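Novice: Residue numbers (the working numbering), protein chains in the order written: chain W, 1 to 422; chain H, 1 to 422.
Source of the hints: derived by calculation from the structure; they are not laboratory data.
Misleading hints may appear alongside valid ones.
As the list claims (entries may be wrong) - Beyond 12 Å from chain W on every Cβ pair, some chain H residues (computed): (1) Leu52; (2) Glu125; (3) Val224; (4) Lys278.
Claimed, not checked - Example chain H residues on the side facing chain W (calculated, C-beta under 8 Å, incomplete): (5) Pro40; (6) Arg67; (7) Arg124; (8) Thr283.
The model shown is predicted, which means the values in this text are computed figures rather than measured ones.
Glycine included, C-beta positions come from ideal geometry on N, C-alpha and C.
There are 2 protein chains.
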Amino acid sequence: MLDSLNPPQLAKREAELGSRVANLQTRGQQLNMARGRPSPEQLDLANSMLALPGTVDYQDAEGIDCRSYGGIDGLPEMKILFGGILDCPAQNIVVGGNSSLAMMHDALVRAYIWGTSGNDMPWREQGTIRFLCPSPGYDRHFLITELFGFEMLPVEMTSTGPNMDQVESLALDPSVKGIWCVPRYSNPTGVTYVDAVIERLAQMQAAPDFRIFWDNAYAEHHLVDHPTSLGSILAACAAADHADRVLMFASTSKMSFAGGGVAAMGASAHNIADAQTKIGVQTIGPDKLNQLRQLHFFKDLNGLRAHMRAHARILKPKFDLVDDILQHELGDKQIANWSKPAGGYFVNLNVPDGCARQVITLTAEAGVTLTPAGASFPHGLDPNDRNIRIAPTFPPLKDIRRAMEILTLCVELVAIREHLRR
Amino acid sequence: MLDSLNPPQLAKREAELGSRVANLQTRGQQLNMARGRPSPEQLDLANSMLALPGTVDYQDAEGIDCRSYGGIDGLPEMKILFGGILDCPAQNIVVGGNSSLAMMHDALVRAYIWGTSGNDMPWREQGTIRFLCPSPGYDRHFLITELFGFEMLPVEMTSTGPNMDQVESLALDPSVKGIWCVPRYSNPTGVTYVDAVIERLAQMQAAPDFRIFWDNAYAEHHLVDHPTSLGSILAACAAADHADRVLMFASTSKMSFAGGGVAAMGASAHNIADAQTKIGVQTIGPDKLNQLRQLHFFKDLNGLRAHMRAHARILKPKFDLVDDILQHELGDKQIANWSKPAGGYFVNLNVPDGCARQVITLTAEAGVTLTPAGASFPHGLDPNDRNIRIAPTFPPLKDIRRAMEILTLCVELVAIREHLRR
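Chain W with its partners taken away, still in its complex shape:
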């Protein structure tokens, strides 16, 4: 679009947009499109859980008194529920505390200090450890990787999953020990891994102690009525004779209460048994009452899915509005492209190379907080400086409308200025 305007036209448009932004800067608005968390309306849907399990029903279906110690791997019904979410046999599930992120961290601790599966050499004794980081990805994964001092190798995210040519090539290096994956509605791109990607991840050559950290954070977080299915990475790994390659994680935090849910890990029997030898020393057991609370509320996988459809009814209009405004303001200008996810928590916006940081700064000056530039990349460095993560779940529709109008205004203004400068 910019190429079709002559310099006077561009200057006029720049002046017009600049004046609108300058006007916004004086208003002191405070809008926030950075928070990847449920809205109060979504949380309200689970409010009845706040009085559960109630003063009488503190035993699970098998008669276990959930008020006391024990049950290191979780209540049987909770394991069944997570087995459904993670597409994993219930006996291969270990239920944890409130945070799947903490379970991923702990899995790294175990691999680092004691080795991945009993007999392997601990990673701490193997020199430099490298991790594959499909990017843009989840900043918290990269922060954990950085904390351990592992070298992060960015891998391109495509519309079907990570660029598998890159992954297969990099994984040949035995110092490459893992990959971070959000396989469904990937944070922030919204991509769901296709079967071919899952097959290649399972089959590729890699170190015996290479682990896929399969963070299925949005397993049940659909925006559409008929979501595409996600292939079973556990089955694919087993079929490829790499049964121990994958560790899968999920939690009910963004289904019940954020930070007040229950997390779980699913993996091969061997991996689970090995993890339990450490977890059983680390703690006397998880909070079974919160497991019981979730079970009383969700009942089973069907109940949980019905609940998530109610979430979708709140979220779909927000994502639609984001897309509408992007389409309306930028659709014919060829300066940006963005995702239209079928689930998850984010819309991924790409602006012209070298513009993301400027857009985010300008938007902040105009009253809209966005995720910091580069946050979705290892070390916070977006190599093309073009990626912007939009989080539409939390704000009300009127705030989203206003924030998106400001954002799109800033995108166009920065694009024109950058174009004029070149």
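Start from chain W and add chain H according to the hints.
Specialist: Below, chain H alone, put in the same frame as chain W:
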């Protein structure tokens, strides 16, 4: 006593006791005095908490919506409550998940991988690491130490705390990095550390990255109306210019629900800040709803202490019964001594050297499960084979009576047999 009997008298008594035990062995009783957990009656006291916080009051006193993410260090009121329990400024508290044991484990993970306080050399790079283990002590502490491959140095437990001459001497070795302490109603001896021990722990010479793991598991678990006070280790360490030496832990698990409580760590501002740099990467935050639930129920430290007095009304008769039967059956026989604790969860019984394992085996055959012999010592090895941990909290009084009658019978029988053999 045994010395005052002649051989025929001893043989007669042995035969009589042996016949009673043989009779018991045929009955198939199943009593258990091994479980260091609250009884259902204690748990019932907190049942109203099972419907808290309720469907409306999900904000804390400062208006924080506890249903959502955030609050990495805990709700302000929860920090105040734990500040009272741990005798620590509230701002030096970090609230965790449901398990204080897991918080201790995580503190070891941080010291091992990253060093104790930012700039220290990580323990993993310092060769053999040694830990002081006052014994008998808590088996779970020793299991964690073993998991990390640290060498455990047993230290004698006296009636005032660990033998400080031993501790001071051993701590001079810079490879000695820590000591496990249950300072109040120590598991299993019931000892509360006197001020002089606390002062010496704070003042002694030790490695800069030496840490006292101060597991105040029974801080509020009194059996008496007017408990002796426990000196402040944090203040003592600060006064001795070793402010970073101690990490303190507590939880409400044995106050509310076992495994369903909230845990916390208290330490110097420097230690807390350092821990937070790691914890903030590991998790998005703890379960604030369970904090709120506990706060709604206990209200404040006074409320919590009133609740613990109700616990004591249930537990005191159980501990009294254990002492009565020990006194009645073994009091004049000079073959055993035992603790009469003013709080905590255990009675510590010492039988003649070389007899504990036999007693526990014989008692099991007669239908009473006890904590495995040696469990309270590093690697499960009681050097004198004389220590038996009795856990009176869980069983009803009639079971305690029966179990203690069988136990005392077995103690006398084994003592006589051992005497005859020598």
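Novice: Using Cβ atoms and 12 Å as the threshold, tell me whether H:Leu52 really stays out of contact range of chain W.
Specialist: 8 Å, violated
Novice: Just want to verify: H:Lys278 was marked as not at the interface with chain W; is every Cβ pair farther apart than 12 Å?
Specialist: Violated, because the least Cβ-Cβ distance between H:Lys278 and chain W comes to about 7 Å, which does not exceed 12 Å.
Novice: Holds or violated: is the Cβ of H:Glu125 farther than 12 Å from all Cβ atoms of chain W?
Specialist: About 9 Å separates H:Glu125 from the closest Cβ of chain W, which leaves it inside 12 Å; violated.
Novice: With 8 Å as the cut and Cβ atoms as the points, is H:Arg67 at the interface with chain W?
Specialist: 4 Å, holds
Novice: Please check whether H:Arg124 passes as an interface residue: C-beta within 8 Å of a C-beta belonging to chain W.
Specialist: Because about 6 Å separates H:Arg124 from the closest Cβ in chain W, which is inside the 8 Å limit, the hint holds.
Novice: In terms of Cβ atoms, is chain W entirely out of 12 Å range of H:Val224?
Specialist: 25 Å, holds
Novice: With chain W as the partner, please determine if H:Pro40 meets the hint condition of a C-beta pair closer than 8 Å.
Specialist: Cβ of H:Pro40 sits 7 Å from chain W, so the hint holds.
Novice: Would you check whether H:Thr283 satisfies its interface hint, that is, whether its CB is within less than 8 Å of any CB in chain W?
Specialist: Holds - the Cβ of H:Thr283 comes within 8 Å of chain W, reaching about 4 Å at its closest.
Of the numbered hints given earlier, the model fails hints 1, 2 and 4; all others are met.
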